[in-house]
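Protein chains: 6
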Amino acid sequence: MSDDPKGAPRYMGIPTFMRTPYTPDGKGLDIALAGVPYDGGVTNRPGARHGPRQIRDLSSLTRSIHHVSKLKPFDVARVGDVGDVPFTSVYDPEKTMDEITDFFSTIHKTGAMPLTAGGDHSITFPIMRAIASLKKPIGMVHVDAHTDTWGPFQGSKFHHGGPFRLAVEAGILDPKRTVQIGIRGAQNTDEGWNYSRDSGMRVIFMEEFTEIGVQAVIAEARRVVGDGPTYISFDVDGLDPIYAPGTGTPEIGGITTIEAQALLRGLGGLDLVGADVVEVSPPFDQTGNTAIVAATMMFEILCLLAERVSTR
Amino acid sequence: MSDDPKGAPRYMGIPTFMRTPYTPDGKGLDIALAGVPYDGGVTNRPGARHGPRQIRDLSSLTRSIHHVSKLKPFDVARVGDVGDVPFTSVYDPEKTMDEITDFFSTIHKTGAMPLTAGGDHSITFPIMRAIASLKKPIGMVHVDAHTDTWGPFQGSKFHHGGPFRLAVEAGILDPKRTVQIGIRGAQNTDEGWNYSRDSGMRVIFMEEFTEIGVQAVIAEARRVVGDGPTYISFDVDGLDPIYAPGTGTPEIGGITTIEAQALLRGLGGLDLVGADVVEVSPPFDQTGNTAIVAATMMFEILCLLAERVSTR
Amino acid sequence: MSDDPKGAPRYMGIPTFMRTPYTPDGKGLDIALAGVPYDGGVTNRPGARHGPRQIRDLSSLTRSIHHVSKLKPFDVARVGDVGDVPFTSVYDPEKTMDEITDFFSTIHKTGAMPLTAGGDHSITFPIMRAIASLKKPIGMVHVDAHTDTWGPFQGSKFHHGGPFRLAVEAGILDPKRTVQIGIRGAQNTDEGWNYSRDSGMRVIFMEEFTEIGVQAVIAEARRVVGDGPTYISFDVDGLDPIYAPGTGTPEIGGITTIEAQALLRGLGGLDLVGADVVEVSPPFDQTGNTAIVAATMMFEILCLLAERVSTR
Amino acid sequence: MSDDPKGAPRYMGIPTFMRTPYTPDGKGLDIALAGVPYDGGVTNRPGARHGPRQIRDLSSLTRSIHHVSKLKPFDVARVGDVGDVPFTSVYDPEKTMDEITDFFSTIHKTGAMPLTAGGDHSITFPIMRAIASLKKPIGMVHVDAHTDTWGPFQGSKFHHGGPFRLAVEAGILDPKRTVQIGIRGAQNTDEGWNYSRDSGMRVIFMEEFTEIGVQAVIAEARRVVGDGPTYISFDVDGLDPIYAPGTGTPEIGGITTIEAQALLRGLGGLDLVGADVVEVSPPFDQTGNTAIVAATMMFEILCLLAERVSTR
Amino acid sequence: MSDDPKGAPRYMGIPTFMRTPYTPDGKGLDIALAGVPYDGGVTNRPGARHGPRQIRDLSSLTRSIHHVSKLKPFDVARVGDVGDVPFTSVYDPEKTMDEITDFFSTIHKTGAMPLTAGGDHSITFPIMRAIASLKKPIGMVHVDAHTDTWGPFQGSKFHHGGPFRLAVEAGILDPKRTVQIGIRGAQNTDEGWNYSRDSGMRVIFMEEFTEIGVQAVIAEARRVVGDGPTYISFDVDGLDPIYAPGTGTPEIGGITTIEAQALLRGLGGLDLVGADVVEVSPPFDQTGNTAIVAATMMFEILCLLAERVSTR
Amino acid sequence: MSDDPKGAPRYMGIPTFMRTPYTPDGKGLDIALAGVPYDGGVTNRPGARHGPRQIRDLSSLTRSIHHVSKLKPFDVARVGDVGDVPFTSVYDPEKTMDEITDFFSTIHKTGAMPLTAGGDHSITFPIMRAIASLKKPIGMVHVDAHTDTWGPFQGSKFHHGGPFRLAVEAGILDPKRTVQIGIRGAQNTDEGWNYSRDSGMRVIFMEEFTEIGVQAVIAEARRVVGDGPTYISFDVDGLDPIYAPGTGTPEIGGITTIEAQALLRGLGGLDLVGADVVEVSPPFDQTGNTAIVAATMMFEILCLLAERVSTR
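Residue numbers (numbering that gives the first Met the number 0), protein chains in the order written: chain C, 0 to 311; chain W, 0 to 311; chain Z, 0 to 311; chain D, 0 to 311; chain U, 0 to 311; chain P, 0 to 311.
These aren't lab readings, by the way, just hints derived from the structure by calculation.
C-beta atoms are modelled at their ideal positions from N, C-alpha and C, and glycine is treated no differently.
It cannot be assumed that every hint is accurate.
Simulated crosslink set (EDC-like; lysine to aspartate or glutamate; CA at most 20 Å straight-line) [what the hints assert, rightly or not]:
#1 U/LYS108 with U/ASP97
#2 C/LYS94 with W/GLU93
#3 Z/LYS134 with Z/GLU168
#4 C/LYS175 with C/ASP226
#5 P/LYS94 with U/GLU206
#6 U/LYS71 with W/GLU190
#7 W/LYS134 with W/ASP101
#8 D/LYS71 with C/GLU210
#9 C/LYS175 with C/GLU210
#10 U/LYS69 with W/ASP270
#11 U/LYS69 with W/ASP226
#12 W/LYS69 with Z/GLU190
#13 P/LYS71 with D/ASP97
#14 P/LYS94 with P/GLU190
#15 Z/LYS135 with Z/ASP270
#16 P/LYS94 with U/ASP91
#17 D/LYS135 with D/ASP97
#18 D/LYS71 with C/ASP189
#19 D/LYS71 with D/ASP29
#20 D/LYS71 with C/GLU219
#21 W/LYS69 with Z/GLU93
#22 D/LYS69 with C/GLU206
#23 W/LYS69 with Z/ASP270
#24 U/LYS94 with P/GLU93
#25 P/LYS175 with P/ASP101
#26 Z/LYS69 with U/GLU93
#27 Z/LYS175 with Z/GLU210
#28 C/LYS69 with P/GLU190
#29 W/LYS71 with W/ASP226
#30 W/LYS69 with Z/ASP189
#31 P/LYS71 with D/ASP29
#32 Z/LYS71 with U/GLU206
#33 P/LYS69 with D/GLU207
#34 U/LYS94 with P/ASP91
#35 W/LYS71 with Z/ASP189
#36 D/LYS94 with Z/GLU93
Incomplete in silico selection of chain U near chain C, CB under 10 Å [as the list claims (entries may be wrong)]:
#37 ARG48
#38 ASP83
#39 VAL84
So here's chain C without its partners, still in its complex pose (with noise of 0.2 Å):
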């Protein structure tokens, strides 16, 4: 955020992910803010296309210290905004996969690291695909309700239930590397729970979350993810839908915001490769505050991305 801090006021101009420069081939970024607006893998209610454009909007109530840490991100890293995937062919799940591949590997190849606003979930195993191009496998820390490791719905492999499945099948998502935290909710089968836990993945269930405290929530991730590259995905119903209303698939007895700010400010100094905030639908977010809290989780996230940046 370049602007002067007292200066203009933040309902004022064109909306760009918290009001970085407009930078749509991303050169000379250091962290590369995109949008993903496609919602065609969702399983139930859709409006997550609209994501981006609300975020970019909301986002410009963030501001530029963060209070805890003083850490100034738009000061020790170059941050822009790269605009949205230029999608073709919207009616083509696979088609639209590789599109979103294309797009993050052109950031990818000018260094710069991604922080994408969703979009439903289905769009990180494109963006992973793009990221792991050198380095592979990755490990993940994944906050979501669901585990996302569910296999073809209504014939197709690329909803927004299976991305995790696919990056696993496909050699980008290394799954002893992977957490999974706050998963509660029914489901139908237990298919996507048993994929996860025999696959080698640490899921923490809402209920033992609740039990064991944030903290030690922490320490159980940085121990799973370990060293090596790591991917953030966060999917805002992992929140609790009090903090998150507008979103598609909706579970009550979620993480509180205060509880997930801390998560993410206890993954400081891990080898991050790039994160996502999935799966705000402004048709179901009257208030706007899911994209408020979506836009500061991105905050939170761009200070681990800034610092890892500033570190290398």
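We have chain C already, so just place chains W, Z, D, U and P on it with the hints.
Only chains W, Z, D, U and P this time, still in chain C's reference frame:
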């Protein structure tokens, strides 16, 4: 509506369309009320997949004696709710089109005329395919802001802007017996407008509607479709967005509900073969008025169909 | 409205109707603005009990010089807010009816004419009972989607669909001096329509209204009520739901606010004895526009009453 | 839920409770899901009459395997939707109470345990009357912000603040086997608090809940109800209004959904005889989250009932 | 709009006005789309400061070929988004007025005509000051519910009810070449009405508009402004609140969007020098329809300006 | 609240704060409930000018016996609603500050303690000026997400981010007896944080709050303010936005209402001299929950003030 007319409060019970009996197989019905919860064909704002549910809920507000004609549709025709198309491949537009056709073919074989709640407008092409299996091509009275005769978008021809081009190309729809009413709004190309005109459709732009008035529009519509088999397709975005804010591609400056009701009432005596009301998107319909309007238009059309049934 | 006309911002202060002085005993008033927060008579969606509050709040938007007549109602008549009927038996419709009559009888004895904000339409019968104690029967100009002349529903005759049948049966309302304007919508029986017609009321269905226009409707209304004592009862569902979504039994295809304002302005010089605006249900009025419309209709009627006061 | 678990999208089809088969006569069911669309007992904001419809709609989000216990309630018990109480006298609270009792007596005779969606809390007394016909008095685990043991209000004893006083007075409910959890908020008299205490109920005010924690609350609840027949009555206003804004008498500072889920899961093995979830008022529930919460609490309770069925 | 006409979905990308290129310096533009996010001049409900953002977002719905004139404004004129006025003193109305004038003076010097999204109506005076620097006074077609020619309110003359009095007094606006259309609603004094009349403005009250019709209004507007330089100022509260609920001082009984579109289309060939659309207040615009209407009116005006550009 | 405790329904009547008598001159009151409908000091989203109205409306939900202390505040203290500050210069922040001070000075002279509903936080400085006229400086318990000790913004020092810096500089507020609770969120400079620290205020950031718990926070607050005169200033954005979405500058990760209630209850026995609850912005408060929370916090504070009154 078989309940005692002064009976139970209208907010009670399982919400079928207009509180008609749930009749999944359609057996013994003259008119089949059906839902097609699909919005995979939209080009902008999704949500119409939730249309059938909300229309069912608010259709409880409709009643049984038409206040102008005094027709009692539930007395002169057997009317039931046949449920929704049981989709198995929602991510594959082409298969979805086939499943819609299969569902309506089954209904068609029972002899029932379908009156459908969408869903986005891409569903009308596969419904027509089912209906037109015996006598074809059929004519159409089409209320809409858009001609929906555009070519492929994002690589697909099964989007909600193209069903009537597909229907003409398939020999199902007779463009010379097609009238499009309420068309308006800027476009990025003139391709769809040209296709409608060049294929022989009668396009009544909104400006002409305003100038000549609804009675002249009715006369022109009747002249165009004549006494051949005719389908009514009613896109709620043909109405002004003040009546139907809950829709995917609103366009200001549209038809009033008084005009629309007059228009529908003016279609009595046509050889109707089916109808639909489409593009209700509940996530954008905060007051529910769009669904009330859609349910009432369905009731107006039901009276036309019931009159047709009772006189054949 | 006694404030300095260019004075305090309109969003300030205790919200009485149109910012008039709170005058609980009604002493010294020519016109008494009253609230009847009761919705125990609805047959479907409740919430009109909250109507007086929301109308009071948004009536701060009204001002003091009518822009067409240039009448200054607060200069030519003493106007005050007499508060709400102090209910003690809201679960007992019959006792509630009596309490409403008692309250308005007390006001009536002070010589003030009541202009009431409902509440559901069942409140008009007991108000009329109070007003008609001296000279009866009275005539009525009635704007509504429904005739409200139906018989018992769910065992009760004190529901919001029956007040005018009760009033005729009680000898309070002269059906031959009653005009019902804007009637429309399907019904489950034709009983109410028939009662209105058979008792001699002049029913102007919406279709006739649209055909003959508001000036002819005014002429007909004046012809019907003549120069006898006349009450105005304005149900906001007489308007199209786009103007008044916040109501219990919306019916599409109604009167516009421009027509309603013209209609009310056309009633000058009648021997008015009171009026009400009913069926505003705030829980269904998300924008507040229904309450703004109701407050403005109350202001239009206030000007009629003030003119009447100033000339008697 | 008899559908194929990976089957149709959840937004499809006629919305019965949890997509169970509509079984109006209740024959052959172990557990009967019922609706009581009545809000004639509220003391403030109405709307709960619309609760069953909205809960049915959003209960499609629930699924079939509990993620903690792994119980499959639809496998171990026959569950169906028996529809709503067919009211004939909604303006007469006493007759309405009788009709509710009649409806549930009929279900009770089939041997099915009822799990009911309200409606306001006045419905629990007549439900209990039906259930307690054989073995009485019964005990109760009651989650609520209010003790609902107040005397008459506005001349009626059948309001939503008094059902448990009525039940004790009728000898149906054993106050010594009754625990009230989550009580809080100012009152205008201390009569209800005193009644609960003096009759022997165990009242766990919210402050005690916060202090001792949910596990101690569970232990205390189990101690109070013991192994006698026990009913669960869950008023959504026991939850904090952030989880359940759509309710008539919200009271801040309430239970979290995580606590409520834990509490319900802690009631396994009791001799349960029925349950309800009440006070969902859709007009005040703009995001639908209240209904999602209510549906999920019904699912938690369903698992308890199903376990009870499977072990008796 | 330079994108390929059948290209990217309209919900994608950085939301500039009508998806035009962001051109902060305005260099090379024929028409400059600008935002003035200021509502410090409102007398009642604030929020118009958020107008430019929401209009930008929803202006993505507009497209590139006008469906009546077939004009392609982006082909015949160079159009860009110049961003928002960079305020530095938002608490000081007078300085703010100067900053607005400075911003538009800079644009004016590039030769671009401004088409502005407000902001409240107080912004039009300083915009006019910039535009009228060369040739003055200018004429105006003014659509509004209020004449906005009132004197000081709460001690300030820079409120949104006074810009045109200021402009006349400053010799910028020629009252004899000013037409005010859609005026209506009660006022607390007749000062503004009198000022408009006495200074020579032609005021077309809503009642006259309804009586003579839009074509006669167009003729009268053209007669008044003649062939001198003319500005268009479009306050969305000139429309009925059903079209524009999201505004600060709604007044029922206004212009329809069909009338407004016809009116604007009737202004072709005038010597236009700039235009604005003001008073969109997103916090009161829950459906977004106000912003859609405003964006579409901007598109209608853009076509007028583009035609003017292409013929000079 | 002087009504009969089991009396009239709470949705009835003219909405004064907590249904107390309207007492414009404040004579004879111990505690004066006042409104300051001003939001001219906000830096981002406006609307708090509408706060007093909405809080008055929803404060009808509060009642008269505190459920923990059993205190009956309306019995031990004379409480009335003194209305709103009668602004005459809302566009001039400095004059407005003076008018607020004048209003509260008048109340102060009657001997009543003010409990104020804002308005934005800039109003606290002028209120303090009035209160501190006799004994100063005063101490403060300040709940907020922001320290509000920033310097000028956009050229003004009277914005809502600076009141406590002004109060310290004016010698009214003793920074060493000031505790700020709930502070969090990124900032664009560290100036305000530093000012609070350097002037000697005790700042309890949210992270510390979470770590030490509310009882330790209470102890620390009591230690800081000691037994000198103390003001309570409660900004609803100190709460998490899930409790108070209707506010101008929401910041996620805040205090719960249970914690806030506990905190306030822990302040008994202090030498309280007044209090306020600020920053409720109804246009952003779609469910009304923010206003319910604010009204309930006012009730909690009222009990503190009433206890203070009863013991002095």
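Hints versus structure:
| no. | hint | result |
| --- | --- | --- |
| 1 | U/LYS108 with U/ASP97 | 16 Å, holds |
| 2 | C/LYS94 with W/GLU93 | 16 Å, holds |
| 3 | Z/LYS134 with Z/GLU168 | 16 Å, holds |
| 4 | C/LYS175 with C/ASP226 | 13 Å, holds |
| 5 | P/LYS94 with U/GLU206 | 41 Å, violated |
| 6 | U/LYS71 with W/GLU190 | 14 Å, holds |
| 7 | W/LYS134 with W/ASP101 | 17 Å, holds |
| 8 | D/LYS71 with C/GLU210 | 24 Å, violated |
| 9 | C/LYS175 with C/GLU210 | 23 Å, violated |
| 10 | U/LYS69 with W/ASP270 | 36 Å, violated |
| 11 | U/LYS69 with W/ASP226 | 35 Å, violated |
| 12 | W/LYS69 with Z/GLU190 | 12 Å, holds |
| 13 | P/LYS71 with D/ASP97 | 39 Å, violated |
| 14 | P/LYS94 with P/GLU190 | 27 Å, violated |
| 15 | Z/LYS135 with Z/ASP270 | 13 Å, holds |
| 16 | P/LYS94 with U/ASP91 | 12 Å, holds |
| 17 | D/LYS135 with D/ASP97 | 18 Å, holds |
| 18 | D/LYS71 with C/ASP189 | 11 Å, holds |
| 19 | D/LYS71 with D/ASP29 | 14 Å, holds |
| 20 | D/LYS71 with C/GLU219 | 30 Å, violated |
| 21 | W/LYS69 with Z/GLU93 | 34 Å, violated |
| 22 | D/LYS69 with C/GLU206 | 14 Å, holds |
| 23 | W/LYS69 with Z/ASP270 | 36 Å, violated |
| 24 | U/LYS94 with P/GLU93 | 16 Å, holds |
| 25 | P/LYS175 with P/ASP101 | 27 Å, violated |
| 26 | Z/LYS69 with U/GLU93 | 34 Å, violated |
| 27 | Z/LYS175 with Z/GLU210 | 23 Å, violated |
| 28 | C/LYS69 with P/GLU190 | 12 Å, holds |
| 29 | W/LYS71 with W/ASP226 | 24 Å, violated |
| 30 | W/LYS69 with Z/ASP189 | 9 Å, holds |
| 31 | P/LYS71 with D/ASP29 | 49 Å, violated |
| 32 | Z/LYS71 with U/GLU206 | 19 Å, holds |
| 33 | P/LYS69 with D/GLU207 | 15 Å, holds |
| 34 | U/LYS94 with P/ASP91 | 13 Å, holds |
| 35 | W/LYS71 with Z/ASP189 | 11 Å, holds |
| 36 | D/LYS94 with Z/GLU93 | 16 Å, holds |
| 37 | ARG48 | 6 Å, holds |
| 38 | ASP83 | 5 Å, holds |
| 39 | VAL84 | 8 Å, holds |
The structure is inconsistent with the numbered hints 5, 8, 9, 10, 11, 13, 14, 20, 21, 23, 25, 26, 27, 29, 31, although it conforms to all the rest.
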